[in-house]
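> Chain A is fixed; fit chains B, C and D with the ligands onto it per the hints.
Protein chains in written order, with my numbering: chain A, 10 to 292; chain B, 2 to 428; chain C, 347 to 600; chain D, 441 to 785.
Treat the hints as calculated values from the structure; they're not laboratory data.
The structure displayed is predicted, hence computed values, not measured ones.
Where is the CB? At the ideal position from N, CA and C, for every residue including glycine.
Incorrect hints may have been included.
[Said to hold, decoys possible] Not everything, but these chain C residues come out facing chain A in the computed CB check (under 8 Å):
(1) N499
(2) G500
(3) N501
(4) P502
(5) S504
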Amino acid sequence: MREVVKEENPFIPEPMRIVRRYNLIDDVKLFQVRAVDMERALTLRYLPGQFMMISIAGVGEAPFSISSTPSRPGLLEFCIREVGSVTQALFKLKENAQIGIRGPYGNGFPIEKMVGHDLIIVMGGLGVAPLRSLLYYALDNRNQFGKVYLLYGAKRPAEMLFREEFLALRERDDLECLLTVDQDDTRDWPCHTGLVTSLFQYVKGIDPHKTYAAICGPPVMYKFVIGQFLKFNIPKHQILMNLERRMRCGVGKCGHCVIEYIYTCLDGPVFSYWDVIHMKELI
Amino acid sequence: MKTITIDSLARVEGHGGITVEVEDGRVRGVRVNIHEGPRLIEALVVGKTPEEDLNIVPRICAICTLSHKYAALRGLEKALGIEAPWKAKLTRDLMLLGEIMESHSLHIFLLSLPDFLGYPSAIAMSDRYAEEVKRGLELKQFAHRVMEITSARMIHGENPIIGGFGRYPTDAELSGIKESAQELVGEAERGIELLASLDYPSFMEEETVFMALNPPDDHYGFVGDGVLISTGEERSVEEYRELTQERVVPHSFAKRSRYNGRSFTVGALGRMILVGERLTGRTGEYFKKLYNQRWKKNPLFNNLAQAIEILYCLENIPELVDEIVKLEDPPIANPPRTDGEATGAVEAPRGTLYHHYKIEDGLISEADIVTPTAQNLDDIEKYIGIAAEKLISQGEGSNLELGLEMVARAYDPCISCSAHLVKVERR
Amino acid sequence: MDKIGLYSFTGCAGELLTILHSEDELLDFFGCAEVKFFLMAQSNNEEVNLDIALVEGSITTDEQTEKLRGLRARSKTLVAMGICACFGGIQAMRRGDGGWEKRFKKIYGEALLEVDKPFESQPLDALIKVDHYIPGCPMDKGQFFSALTRLLNGNPPSLYRFPVCNECKWRGNECLLLKNIPCLGPLTAGGCNAICPSYSLPCVGCWGPVEEANVASEYQLLQEKGFSGDVVTRRMKTFGGVRMAQLIKDVKKV
Amino acid sequence: MRVLKMQKENLMVFLESIRGFGELWGVVDKGNRFVFDKLDDLSDYDFKPRKPMIPPKLFMHPPKFSMFRFNEKGYEAELEEIPNRVIFGVLPCDIHGLLILDRLFGAEPPDPYYMKRREKTIILGLSCVPGDTCLAKATNTHVVEEGFDLFFSDLDDYYLVWVGSSKGDDLVRVQPDLFEEKLEYKDLEKFIEWKKDRDSCYPVDFDFTAMPDIMELSYNSPVWEKIGEKCLACGSCTMVCPTCNCYDVVDRLALGKFEGIRERHWDSCMYKEYSMVAVGHNFREARSQRLKLWYTHKLQGFIGQFGKPSCVGCGRCVETCPVDINVVTVAKALKGEPVEAFWNR
Ligand SMILES: Cc1cc2nc3c(=O)[nH]c(=O)nc-3n(C[C@H](O)[C@H](O)[C@H](O)COP(=O)(O)OP(=O)(O)OC[C@H]3O[C@@H](n4cnc5c(N)ncnc54)[C@H](O)[C@@H]3O)c2cc1C
Ligand code: SF4
Ligand code: SF4
Ligand code: SF4
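Excised from the complex, chain A in its bound form (with noise of 0.2 Å):
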């Protein structure tokens, strides 16, 4: 019965349970998430990219990206950061609590496009959130593309998401993974330290017409990064990124993620810096 509801109305949350949670640092967690219906769980499609609406029912609904990847299906994985009254009722539930999700919305990364080129992934504090699901389609497809850089900067090293996991990404090799933490307090960081930026001096041998470049992060590491990009002389519009604006709705009718007219919640989140300069208020 509800699901003839739930058809015709893309503002009922679907019913999901949180299957796993980990603490990745003190206020961001990793929620793995599955629907309650079995074959929804398993012919649930998205893009790495897009993102979903959480609700809680009775505290509200925000937008995450979704963390995992669409290559493996079953799970979908987001990673979460403490900060209001829908992202705190979220981190009191326990396993097993049911939550209402919809989604996924948002254009995603133009897959597609991106086949047969070169990556290269940046990215600064949680955004590591919609990259990641980005990065694992990118290796679990890898015959599909050319060279592919991961580089991530984290304050410290305890700030840094999925530390033990990129740790091992770095003994891959068909993936050339640099991370870097602006401080190193603990004094035996493995790796480089220093602003993300400075990673870029490993980038070599990629073919800039042939190379697309997707970013997240917070708001001042965009300048930056761009620029370094831009000298590599990567085309503007295969220079990808991953932008926040408040939601309300997620499929364009709330309003508040509008840029003049373009609504971030269909035509984004991800826009290439193209978009970016033509559209001033973008970032």
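The following block gives chains B, C and D with the ligands in isolation, referenced to the frame of chain A:
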């Protein structure tokens, strides 16, 4: 010596307590201490326009907000020489009926009854006495609607203004409350019967002086320009200073009143005693049946007097409504002058409320407000003294708190004080 | 079940009465939490550690200050209800003009008061940390229950953060400012359902200032409409308490 | 389009005859304001065109409503209680407003709340004579070709009735004898005459076509700072605008049991909180930025995407903003024309 403290007789508007000092079984002193922080409202309205005063003074007390509004309106309009349109006058009367009824039903059913029936609160009472609690809530809710349609909201409604109303209630709203009023008459009667069936203990009985406004045309009512006194005199409200003789006492932020050196009582009981005979209809019948000489001596009968007034309101609302709907909405009356001085008074739920203003050049230069509870405080002290002595002499130590509290509560001094705990400190 | 307490300081008791006046919700209210303290409604009150303290009224004496500090110390969450608690209330309308002592004498004369040391009205957060604010004079019962139910579920309240004008337009009212009536709607926190403008009466600001009150512009607008600066600031200050006083001061500085 | 003729005295009979289709609503004069109200009694209704303060968007997109309920078991949509309505007297600019909202709410995935209400609402349009603030001719929204079920053009002693939908046709068929099928040449002549007349009396004539470029060029114009300083952030402009649709969502819980609703209510891009995201970052902290968004949204973005502004020229912002910030003053100022407005003083 031992000291009995009614710990938190909060407010006339706020917090306070009652201390009773007893030595060798004799009461040495009773003090109602009002600790309520001072707000200095009368000083704050100086330099404001009459319109602004009307926004401010209702905030003195959220239970009698409309009584303050009405008393202020009467004072200010008189001072400015405004004759409020008849429809405005009737609509204001209606709103006052709403407030009286709302305050009384709250007091009787939620605050007083638990005492008589032996519960800590109406909520605790609601299991066994579901009917009664429901009845109280229904009457209250109806009264809210009356207040809402006339004043725009339940508490601190701004709709009554100088010279009229922002918007008069619609005919549909009025006929709606008329209908409900008629339906509720039975509930009010059952309320009176319940209260009449209660046992009113006599441990504090003694005669006192009563005052109430004299409503015009030999009617019962809550608005008037003369003050009746149980000594047989009648004075004008303009003489309120003499009648109430306010003074400051060291132990209280609330001022006190005496008349000719005697403490006195205002409120529903006073109104019944002074003008109860004018009641007609079912209300009149109940009055005749229930009224007796003990009422003059025993403040607990205030509860019964309030119950009768609820019925009075219900019987009168339909008549008032019929009269109001006949009238066109009049334009707002404008003040012919910008200077003047006058006193306005209404019977608030707890008794006579005076608002005195002097206006110069359109701004208030002096304001004086005498609330019913301030007038009652001395009598409350007196009756608590008598009660304490009597109860102690009867060896009723265990019921002391309840007894004293019931006396205080009967005056319904202002809502919070009526629900508070009495602590007896024995030194 | 959460332990809650309802406390009242200097004010008109409008918030606690708003709760008591909620006939439809009252029984559920007492059922949804352990009401440990509510002087106005019950006599079996206890001063214990609380999950939620709901506080109305402003602070005007030393004794109240002590009581409030104690209350804060034993409460996990403390909510200020009504403009007295949030901004100091009408009794703070002249705060800081230096005339308080004089006004006090005017009312009480030279009589010696033994009660408690009084001072000019302070909002709660001048003395302690307040977790949430429910504005209004009095607060709206719908907003209160919406905030309370969220708190009882462990979530912060989600109250309207827009000015009165929003709801005024929902109700299809023509703007009074256009008719040269000095409405304070744009400066005032919404949530009251724009009652006054819906009765063709100007908003007097009884919910206190909205977060982003453009005082300077409204001041200039009303002056242009023929209201003297005095009248305008007086109106703004009546219910605006310490927050409005600050906003006005900021404007004057510029 | 099918066009019929109706004698004026038949209108009331006609409206009475179609009450079976739903509640009848129209714009009424409430003393000092025009609002939509139910027309239960037509006997002293004058059927004159009036511009209500709040446009008809409120029927499809109410200021506040519950989207769904929830409890421990899950969610359940609240859609069933929507009444059928017939709205008489919808003006051309407002019909254009609805068309723009249709596009927005109807886009994939369609908003069921809006769509359901739209479906259940019959629009009876009515021709108008422009008031002081109308600029519909400038926005080319003074004529309508779609978006209504019936449209009544008032030609003094009779109406020309344009049948705009199959439901409109059903309405006509209830009492077909109220309409005259055959139009004469002079009827059309009269209509053209009327239209010419009416079009000549628009007080505000303004060329919006260049707006996108002007907006683009005036991104850093000092006008934004100026209006930002004076804007009261009251949001009135957005509430009365027929094409503003922004909303916010809050969950409300019942007392004592886990049960509640998700409420949707009108929001405004003029409010500070509107663009705030986590950790307090605000994309539009300054009022000037918010105003810029509104005007780029209406006068640049939409034109860019759909070839026309999303301002339908109703003039409501002109009438509503207490500090004279509106499409006309702002557009003029950006074009460098002199503007007499509060914000400019
Ligand atoms: C496309 C997209 C993808 C995203 N992906 C992720 C992701 O993968 N992981 C992630 O962690 N986040 C992500 N976000 C951000 C995430 O949506 C927000 O952090 C989330 O909305 C916060 O919701 P909340 O209810 O917990 O916070 P809210 O309670 O809504 O608070 C958010 C912020 O609003 C402000 N605020 C709220 N209430 C008040 C108040 N009363 N007073 C003052 N300020 C207040 C505060 O600044 C607060 O930090 C994404 C956002 C977008 C648009
Ligand atoms: S905020 Fe208003 S309603 Fe509340 S206590 Fe103060 S004066 Fe009374
Ligand atoms: S009447 Fe007052 S509240 Fe309403 S829109 Fe105008 S300024 Fe705002
Ligand atoms: S532009 Fe005008 S109507 Fe809109 S928010 Fe600003 S002051 Fe209010």
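> Give a verdict on every hint.
Comparing the hints with the structure gives:
1. N499: With Cβ-Cβ at 5 Å, under 8 Å, it holds.
2. G500: holds, 7 Å
3. N501: Holds, because the Cβ-Cβ distance from N501 (chain C) to chain A comes to roughly 5 Å (cut-off 8 Å).
4. P502: This interface hint holds because 5 Å falls under the 8 Å limit.
5. S504: This interface hint holds because 7 Å falls under the 8 Å limit.
Violated hints are absent here; each numbered hint is respected by the structure.
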